[in-house]
Structures are given as C-alpha cells and as structure tokens.
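Peer 1: Just so you know, the sequences run in chain order A and B. Residues 1 to 372 (this note's numbering) make up the first sequence, in order. Residues 1001 to 1366 (this note's numbering) make up the second sequence, in order.
Fair warning: there could be bad hints in the mix.
What the hints assert, rightly or not - Facing chain A, a subset of chain B residues (Cβ under 8 Å, in silico):
{"#": "1", "residue": "P1058"}
{"#": "2", "residue": "S1059"}
{"#": "3", "residue": "V1120"}
{"#": "4", "residue": "R1154"}
{"#": "5", "residue": "G1155"}
Just so you know, these hints were derived from the structure itself, not from any lab. Since the model is a prediction, treat every value here as computed from it, not as a measurement. Ideal Cβ positions, reconstructed from N, Cα and C, are used throughout, including at glycine.
These are the residues of each chain, in order.
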Amino acid sequence: MLKVAIVGCGKVADQHAEQIFRIPDCKIIAVCDREELMAKQLQERLNVQFCFTDVQELLDKAKPDVVHITTPPQSHYTLGKLCLEAGCCVYIEKPFTVHAAEAEELIALAEQKNLKLTVGHDEQFTHAAMRMRQLIKDGYLGGAPVHLESYNGYSLEDASYAKGVLGDPDHWVRKLPGGLLQNNISHGISKVAEFLQSDSPTVFAYGFTSPFLRSIGETEIIDELRVIIHDGASTAYFTFSSQMRPILRQIRLYGPKNGLIVDTGQQTVIKTKGAQYKIHLEQFIPPWDYAKQYIANFRENVQKFLMADLHMDHGKKNLMELFYGSIAYSLSIPISYREILLTSRIMDEIFSQLGSAHCAGQSYIPPVGASA
Amino acid sequence: MLTSSIVRGQYYLMHENNPIISLDDPILITGSNGFIGSRVVETLLRYGCSNLRCFVRPSSNLTSLYTVLATFPKVRVELIQGNLLSHEDCENAAKDVTVIFHMAAGIEKTFPGAFMNSVVTTRNLLDAVVRFGTLRRFVNVSSFAVYSNWNLKRGELLDETCEIESRLVERAEAYTFAKLKQDELVLEYAQKYSIPYVTLRPGAVYGPGSHQMTGRVGINTFGLFLHLGGSNRIPLTYVDNCAEAIVLAGIKQGVDGEVFNVVDDDLLTSRQFLRLYKKHGRRFRSIYVPYRLFYFCCYLWEKYSKWSQSQLLPVFNRRRCATYWKGNRYSNQKLKELLGWKPAVPFVEASQRYFEYVRRTGEDHA
C-alpha cells in the first residue's frame, strides 16, 4: 500500500484526490497547505488522517511514499526538492518548474536518490493518447514524424480559473515569467516534445494579447501564441489560443507514410492514410473511411462510458496508475525525464523571446534564422 | 423627493429602531457591488448613514453600485478596492468600523474555490476586526440552503430552529458547504473574541439586477426547463425587502447572536410563480416533474455516480432534491418580532418590477 500525501489544498488537489481514490493499493494519508483552513477543509472532506501547514513536518511525521505537489508553480522546485531529499517520490502538477534549470536540478536529485519523479501532463495519458502511442509503436506513421501540429485551446470564460486571473492583478499566474501561457501550454508543448529528436531544437515564438482582452483593458496577459519548432529532422507548429473556436486539444502527426489526428478533448483518433486514390475515388473513399472511423470512435467512447471508464480526468488516473506502478514494481517512469526537460527548455525559450518583445513594447517577430 | 425620503429614513433609524450606531459612524459593506450588496448600500444611504465604506474587488463591475451612489451625490462614500484574501486589504477595510455587513462570497463551483473565497476571506476580515476592536456588530449574510429538511415532513415548518445540514459534501454543493463553514467560523470568533454578530439567511432573493430564477422552481438542464417545485411554497424575498432586513439586523439593539431567516409575506407556490414569470416575463417551455419521480431519478443518479466512481458527479442526489423540492412552510415571524421588519415592497409591486426587468433585458430564464 503506497502512502500518498497532497501538498497544496486548492482546486487541483481535489482533482488529484478524486483520481487517487480510484487507484487500488494506495491511500491518501496526509494533506498540507500553508493556509490551515484550506488544509483542514480538504482533510475533513477526504477523511484523511493527517493535516499539516508545514511540508517538513508532513514529511517527518506522516512519512509518505509519494507526494503530489499541487501548489502554484513558483513553489514546485523548493517543495519538490524537500520531498526528494526526504526520500519521497514526487508527482508535480504542470508546469513542472518555473525554469528549465530547476527542472534539471530536480531530475538530477531524483536520479541520484533513485526516486521517481513525474509531471502532470495527463492529456498524454487519455485513452485517445494511449491509442495513438500504440499505433505509432506499431509503425503506422512509417517512421519518425515529419511534422507535428499541436493545438492548445483555452477558454477565458472559465469562472474558476481564467476569470480569477483576469480579475486579480496580484494573481500568482500573472507573476510567472510566462504568465497565463506558462500555466497552460505545457500540455501542448509536451505533446510535441515527446516526438522531437534533438535536445535543443530551434524555436520561433510569436505572441500577442488578443483583441478581446485588449477591449477589456487587459494589456499584460498574452493569450495568443504561435510557435514554430525545428529539430533538424522534424518540424512542429504549436498554437495556443483563447479566441479560436472550437477550443481544440489536438495533436496532428504526419509521418513519411501516414498521419494521425488525435483529439484529447473529444477522445478521437483518426488515421489519415498517405495513399492517394485515382480520379474521383479520392473524393469518395477517404470521406467514407473518415465517417467509419468517427463512428468507431463514437462506439468506443460509448463503450468506455458504459464501463465507467470515461471520467473527465481519466488521463490523470492513467498517469498516476503508471507512476505508482513504476514505484511499486520498479518499472520505467511514464514520462521520460528527457521529455520533461525538453518541454521546460522549449517553454523557457518561448518566454524568453516573448519577454524580450514585451520589454520592447511589441509582439515578438523573430529574426530569420533565430535559434535556441 | 429624495431628501424627504432620507429624512424619513433618518427618523426611522434614530427613533424607531433604537440603533447601536449613530448616522456618522463608519460602516463597512463587503460585496457592495453585488445584487444584494448594492441594495444594502442604498438602504443605508436612505436611512441617512453618512460614513459608508464599500469594499469591492478591483475587477468588479461597479455599474449597480455607481447607480445607487449617483442618487445620493452629497453623501460621502469611500470605495475601497481590494481582495479579502489579503490581510492588508482587510485591515484597510476594517479599520475603525462599527458595523460590517459581510456579503462577499465565493460563488465558485469547486469546494476549495468556494471555501477560499467565503471562509478564508471571512477569517481574514475577522482577524482585522479583532485587531481594531471597534466593531459593534458583524452582520454575517449566510444562506437559506444550509438548513436540512431531511428529517422534516413535506409541508412542515422550516425556521431558524431547524437542524443545519451535516452532510453537505454528500449534497455536492460547494457554495452551501462554504457558507456553512463561514457560519461556524463566525460563531467560533464570536465566542473566542466576543465579537457581536448576527446571521441572516435569505431565502430565494429576486428582483431587478438578477435574471436567475430560483432553482426552487426548477432547473434548466439539457435545454429543457424541468418544473420541480409544483405546489411548494417558494421562500421568496424581494431584494429591497431582503436588504432592509440585513440593514436592520446590523443596527438594531439586543439581537446579538441571533439568526434570522429572510422571507417575504404571502409566499407564492412554485407553479404560481412560474405561471406569472411566463405571462409577464419571458415565455419558454417547461415540463412538470413530480417530486417523487425526480427524487427517484436523483436516487438512481446518486447510485450510478457511486458505482462509476463519479464518472458523472453526484450533482443530483436525494438530499439536494429534498432541500429544494420537498416543500416546506417558512416563517418570518422572528424577523418581524425582533427586528420590527416588514416587507416594504409587496409582492404585486415587487413582481411587476422584476418581470419588467426580465422582459427588458431579455436574458435567459435560468
């Protein structure tokens, strides 16, 4: 039985707790928050044994095997380090750390202490993402991706998150180097990072404040981002948008032979075949094939729903299960450290480029040939 | 016209209410730009209170508050922008005040979000109150929904003596959970630091400024309005009447530690209210679902939610169903006896104003 603790008792902690309860052979034994009232409300609702306001005390007294860190990102590095030094495996909510250098240190510490560490990139562990990975493993793309497109849509109408950020000039999200983007893009960036081959790809970032936000007097938050990534072999486009509709959570992969369109919001995986048909058959066969695939996806989702396996946060549960399994049975970690680091580095580079542009009072337009 | 209204208000405040404050004592109103908050400000100004401090969030839409303030141009009103999660902002707001009308609340749907913005904020405010020691009354605006009617029969009286819900997590209501915890916190501080307080639990507040029809009539789900209230009496209170009750609870002597439910006289049934709404407000299609049928559906939903490990969250459950649609009687007797309150705006006039607002704004009904 793995003993689990949660540090940070805000909204994300609830999402973690819900999924942890669904996993056998683990138990939440302690919660911790600097704000005692927040810690106590979670303890009461979850019926947890211990409640702390100090992480060191939690580590000393509760002695958990795994600690989930669900605090704002600014504290991820310090808390992660404390937990690793105390001999705990750590699940850190995204974004992993504020800077890549902190990520490197944490990973080095985890390796040195032979402990497991992961980040909450749970979208990569939804049913659709797992199907995608299996298809790629089976060689469907016909080789490494030639090009990737990752779409990360966002809604500013979300009352519990976005409105909180927009309405509070002192919100912690605004104090991140990458602001709203930093708290949200790691899902979409990590989907790309998983398939990049170079550890230092070239990154071109262009970001701006949407006309909508400008119309309500917001000038600090960048909520539209376009990124081009090139690693020598593959290229990728990354799009973050608060205004684009539909709100996409999608990755498109184009291999040398075939392609895949994976929608983690709608939970669909569509195979796009590289072969072309003669004359008008090209207009008849692919649409028919897509229709069949969408129906198959529909059937699969309904089946999963009927089997009670289509929870809103099922990706989180899958990731946690794999992570806990890696701890309990000494298996490999679900997200490679290389991928975590690459995601952090790409994000650092994006914010560095946007930051330079912001200081200059303009959106960033990269020079030709700019590189990371 | 306005001057004579203020003079009448002053007379009422000073001579008929035996107030604990004088007209120029500093009064803090949190959530002062809200639906009820702005009416509380208006009522205080009408009573002649001349030293108001309105606390608002920096991002708040202040239209309704400015509209109120514009009608009292000569009165000094201090507007403080801040966040009650900040100790510093709380101290700025609470400094030297004699009465606090605490109406700011977390309306988020998540438990931690609602808790943080209702309970942690209230704690911060109370800490500031303890520090300054000038407070004569803390008016804690709670919610009618914190009561449990689980052990009451249909049609039985639900009043201030009834039991408080003990299983709010099961009821899956973050807002009510936070309000209940807020009540507990206020009581704890009152006992520990001798803070004089009064708690008000308004029923279903309606009036111009809020399009929402109370969920006690029914719910709009999957594009269809399910009428669930049937022949139940709805604990309606018109926003101006409710604001007056809140103000009286803040100034009247001899009511410390009391809890008041706020409902108007002559309560309509859900069916009557819905009929009037459709006739004078907006027309839409609704389907009547009998209580026992909906209760059974809630039972099934609850069981499914448990079996599926919350694949569908238990938002429909038996306790919630009972709270809102079982049907009870309500009383404002205590409010009338101890505060001398009576609904100044009768239902006919109140409903006219409300339905006109609904017609004019043409917003969604639920």
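Peer 1: Now tell me, hint by hint, if it's right for this structure.
Peer 2: Hints, one by one, checked against the model:
1. Interface hint status for P1058 (chain B): upheld, as the beta-carbon distance to the closest one in chain A is roughly 6 Å, under 8 Å.
2. With 8 Å as the threshold, the beta carbon of S1059 (chain B) comes within range of chain A, its nearest partner Cβ sitting at about 3 Å, so the hint holds.
3. Residue-level restraint check for V1120 (chain B) holds (minimum Cβ-Cβ distance to chain A is 5 Å; threshold 8 Å).
4. A hinted interface residue such as R1154 (chain B) counts as satisfied when its beta carbon comes closer than 8 Å to some beta carbon of chain A; here the least separation is about 30 Å, so the hint is violated.
5. A cut of 8 Å between beta carbons decides the hint on G1155 (chain B): the least distance to chain A is about 33 Å, and the hint is violated.
Hint check: violations occur at hints 4, 5; the rest are consistent with the structure.
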